[in-house]
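Student: Turn these sequences into a full structure, and let the hints steer you where they fit.
If you read the protein sequences in the order shown, they are chains S and D.
When we follow numbering that gives the first Met the number 0, the leftmost residue of the first sequence carries the number 0, and every step to the right adds one.
When we follow numbering that gives the first Met the number 0, the leftmost residue of the second sequence carries the number 0, and every step to the right adds one.
Keep in mind the hints are simulated off the structure, nothing from the lab.
Do not take every clue at face value.
Taking lysine-lysine and the DSBU-like style, the derived pairs with C-alpha atoms no more than 35 Å apart in a straight line are [to be verified]:
1. 604/D / 604/S
2. 190/D / 604/S
3. 86/D / 604/S
4. 549/D / 604/S
5. 604/D / 216/S
Chain by chain, the residues run as shown.
Protein chains: 2
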Amino acid sequence: MEMRLLGLLVVLLVAVVIWLTVQRSQRRRGGPVQRPVNGRVVPPPPEEIPIEDSESFDVWGFRDTQFSVNSGGEVVVEGDRYPLSGKPIPSLFPWFQKQIEVPLDVSDRRPANYGADIPPSRAAESQLAELGALLAEDRCSVDEEERLRHGHGHTQEEMYAIKFGALPRVPDVVVWPIDEEEVIALIDHAKTSDFVLIPYGGGTNVTDALRCPPDEKRIIVSVDMRRMNRILWIDEQNRMACIQAGAIGRQIIDQLADYGFTMGHEPDSVEFSTLGGWISTHASGMKKNRYGNIEDIILDVRVVSPNGVLERSGVAPREAVGVDPRRWMLGSEGGFGIITQAIVRLFPLPEVQEYGSVLFPTFEQGVGFMYDLAQTDGVPASVRLVDNQQFQFGAALKPAPSGWGRFLGKVQKAFVTKGLGFDVNKMVACTLVFEGGREEVRRQEETVYRIASKHGGYKAGPENGRRGYQLTFSIAYIRDFVMNHWVLAESFETSMAWDRILPLCEKVKARVRKEHEARGLPGKPFISCRVTQLYPTGVCVYFYMAFYYKGVERPEHVFAEMERAARSEILAAGGSLSHHHGIGKHRQQFLPEIMSPAILDWHQKTKDSIDPQNVFGGSNQGLGSSPDAKP
Amino acid sequence: MEMRLLGLLVVLLVAVVIWLTVQRSQRRRGGPVQRPVNGRVVPPPPEEIPIEDSESFDVWGFRDTQFSVNSGGEVVVEGDRYPLSGKPIPSLFPWFQKQIEVPLDVSDRRPANYGADIPPSRAAESQLAELGALLAEDRCSVDEEERLRHGHGHTQEEMYAIKFGALPRVPDVVVWPIDEEEVIALIDHAKTSDFVLIPYGGGTNVTDALRCPPDEKRIIVSVDMRRMNRILWIDEQNRMACIQAGAIGRQIIDQLADYGFTMGHEPDSVEFSTLGGWISTHASGMKKNRYGNIEDIILDVRVVSPNGVLERSGVAPREAVGVDPRRWMLGSEGGFGIITQAIVRLFPLPEVQEYGSVLFPTFEQGVGFMYDLAQTDGVPASVRLVDNQQFQFGAALKPAPSGWGRFLGKVQKAFVTKGLGFDVNKMVACTLVFEGGREEVRRQEETVYRIASKHGGYKAGPENGRRGYQLTFSIAYIRDFVMNHWVLAESFETSMAWDRILPLCEKVKARVRKEHEARGLPGKPFISCRVTQLYPTGVCVYFYMAFYYKGVERPEHVFAEMERAARSEILAAGGSLSHHHGIGKHRQQFLPEIMSPAILDWHQKTKDSIDPQNVFGGSNQGLGSSPDAKP
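Tutor: Below you can see the structure in the form of structure tokens.
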């Protein structure tokens, strides 16, 4: 009996030694080294989107997810899709009404009138028949709600209009091409028939980019690219993939992951936005520190323009060939043609993904930490610093703890406030995402926490970091919810050099408060900021602005005015017009303040050169058909 | 006595302890952390270039440095500027003549006829007077040799022509503006007087970019930007500097170093080339792995165009504002206007700079090493892999060792060939430059050497690495030297995905040999390659091509034909038209092979939009005045 036991122990010991040796040899290979594999693989098409993953038309996101008020009068996120889903969030309204100094009643819900007053389609039967001949008829629609949805993005003005007002002009037809031949045929047809084409991806822009020019008399066709959604090939050895422009972020992520890769591009909208949209808006992802912004990711772009197809014979890691279609298309916001596909850079899925968080006593100390971190070679994939209001906001979104969790929460709070001496009305938080090889991540963590402690930071653990990062995707749903409860809210962003951050944030907050008071609006505004991206030369700063609008006339216009005032303050304080949201129509009035006339003139002529007829008449960035343009 | 000694020892001990503590606390600061400093510093103008740093007009580089033959018949680099300077290089000719299988006689020197047949200036006295009124008269010249120098770059065809042939068309006037007002006045004057303006920086391009269109009848004015050479400001906290476009690389390096910074941009031509030139050619530097290519470095560019000044109200670390002058100007090769200044990103000078080198048994193994290294986070600032011919070339450039050095050399060679079993006709070398924090460099070294040994690499020490890297700057002088000894030589480069490297290099080499043989040229060609840049998605490959041309008619044209054949082979094998040299006129014929007509048409229209009169008539990339352009 003892012999058998001994034998078993020996076998176990040998097994453990073998396992440890294998682990060690894997580590000795230095992390995720890619074994060269010849040729390209062709993934299958992405799965049809199941009914449970349908998107809402009248609000942000998935249909199964909404902030709402349960029968007990508690705020809760419906469904089970997100970490936040399903649990009552008792603190949100109480906390927020303290911020804006107006009582918020969960039962005071404004009735919405979504889908009222949708302008009828101006397309004649014959025109529809012609379009239906180009594509199959089931990919050509005049359905009211489809046309409405394709006529807006997610600015507060648009979201307000579709529920409580009306959009004066929306597309007359929506089409879904399935290949480049159809796109070419569409553009040829639009030229001869004098239609307007507006490319459509996820419809998640926040710049009025999809809003139809109200005086546009030509037939407006929304070209929804999401049937062109394949990964055409993956080149595993050379770390590239060719992806159709209508592929949506979450499907790209899933499909690439099947092959062990990622693009690493993860904007807030990634569940819904498309590759073509990212290129057109000049997007930035939350993990750009590791994976780059869209201009770093895109290796080649293929475009159907009114003057022919912009295509290259091959792709190179880097070239100096005088001209490059990527440069025209990045940030072009649908004005030059339809992007059909692009070649993107890939990264192997990271060996390790870890979260982290740090509390700082003040925003200033947090910014000092960010600055010192930006000077090192240990910057993690994502680093985001929220101000005190957003820190409190994050706490207010926590589901109600019970029993032991509640006790622990109190203990932690007491430790931080009494033990560390943090002031609950000044403290801020930094959330971190680390991705990479095991050693690489360890080194980044060491760098981050060492620098954090120099700036008075307190390491608050991975769970807060994960929560803070993941909150991004569910926060997007809040805006539509509070809109029903008489609060308008929006985000706007900018970029600036390091030494501008603190004065700029203060000035913008002060300006918003001043504008709010000057208009005699109820209560106080909510204005909060966070530093979401860092560069050696500066940062991206995101603002949230909100106010109570019951009793306010045309509140969406008042909000837009105040946002423009904030933007003027930003520009005066040395911030940019946009870090990544873009211009659209929402900010085009500011372009002459930041660019000389010769730039804007050249830009219009660039538009005229490729699209003299203004087929792509979305009219973003003030680009329309100029009198000089020759068809 | 003993007490004093003891006292001294105690003092020494205390001093050592203090020093160690200071060292430790510095390390605890985590490397070169930049202390924020408010405001911008304004450096003084760079020093006047002293007479001893004059450049040659008829050959590359500094006047004090040439390869030549000393009285003893040995090849030697004159002067004392470079590590290679001053010591006889006995192996070069014997080795090279074995490569090309033609006897090379150091005394057989072809007489040059530099400066013969310089076309006279076409500018009338009145036209000169007008220009002299715009700028001071001493900054306006019709001197023959100035005009000749400003009418070419450093392609072999141009360098051959100026010494053994003639350039049919050169600028009629050379001007040196000192500020933007003069540049604006020049352009206005050129518009009204119908002059051509060709911006000039270091004159080091290798694409015929400065070669004047031979049929150009208008007065051609070369606008030498090098009097606009100041660093206008350095923003130490935000790590940016604003630099005038005519500043030359070596002065930028020196001046920024005074403040503890570097741009990190170090192309082969950095001693002479200018910031404006780097932007216009879409340049890449040898240390781009750490510092980025020019598109990563440039934050803003300011341009005087025929349609006005392209200027921005401020600079941001990153923006999405729809249009960006950088995108038009990168790689524009002088066709759109004159860049007057740019804002660049800075890095603190690295804490540590170290060299390294590795020998590999074969090129294939070296490429395998490069691939695996590119997948890690430990890529050093510079990694370059030469093939066997360049490895031998590097060895042939070694000054003759004597005594102990000679013995050691034999021992090392015996060890490598007999001990390690490397074949002298297959082995290759990789030179490395590490820059960064101490720990960062240590980590990179560990990564590099670990991966190198997996691919059969033998660590060959920092001295060979330093030597190999520094050779770059002196190698440039060789081409003009061998041209006088009946050998034409040129470099050309490309970029490609990883899996194309080996077949492409073989095919190009085979094609060159075939073309050489088909033309019945003497001996054999020299054709060699190196991998000079790596990216996750591929590499840059540089070729050297040379052949003996005594007895060959129009050898410079024969060479150019063979180079075009090599380029066709490159394109067919999946390489790009250029990684960083650019297009100029030298490669413009290939543009329709790599870009669709719609791209080229849009590009021409972009040109017409900003310069309808073709004032910037250098005619690079095939961009001239099209019939549609409206003045």
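Student: Each hint needs a verdict: does it hold in this structure or not?
Tutor: Hint by hint, here is what the structure shows:
For the given pair, residue 604/D sits about 8 Å from residue 604/S by alpha-carbon distance, which is consistent with the 35 Å threshold. A hinted pair counts as satisfied when its Cα atoms are at most 35 Å apart, and residue 190/D with residue 604/S qualifies at roughly 20 Å. With a CA separation close to 59 Å, the supplied pair residue 86/D and residue 604/S exceeds the 35 Å bound. Taking the CA atoms of residue 549/D and residue 604/S, the gap is near 53 Å; set against the 35 Å cutoff, the hint is violated.
Taking the CA atoms of residue 604/D and residue 216/S, the gap is near 29 Å; set against the 35 Å cutoff, the hint holds.
This entry does not satisfy hints 3 and 4, going by the numbered hints stated previously.
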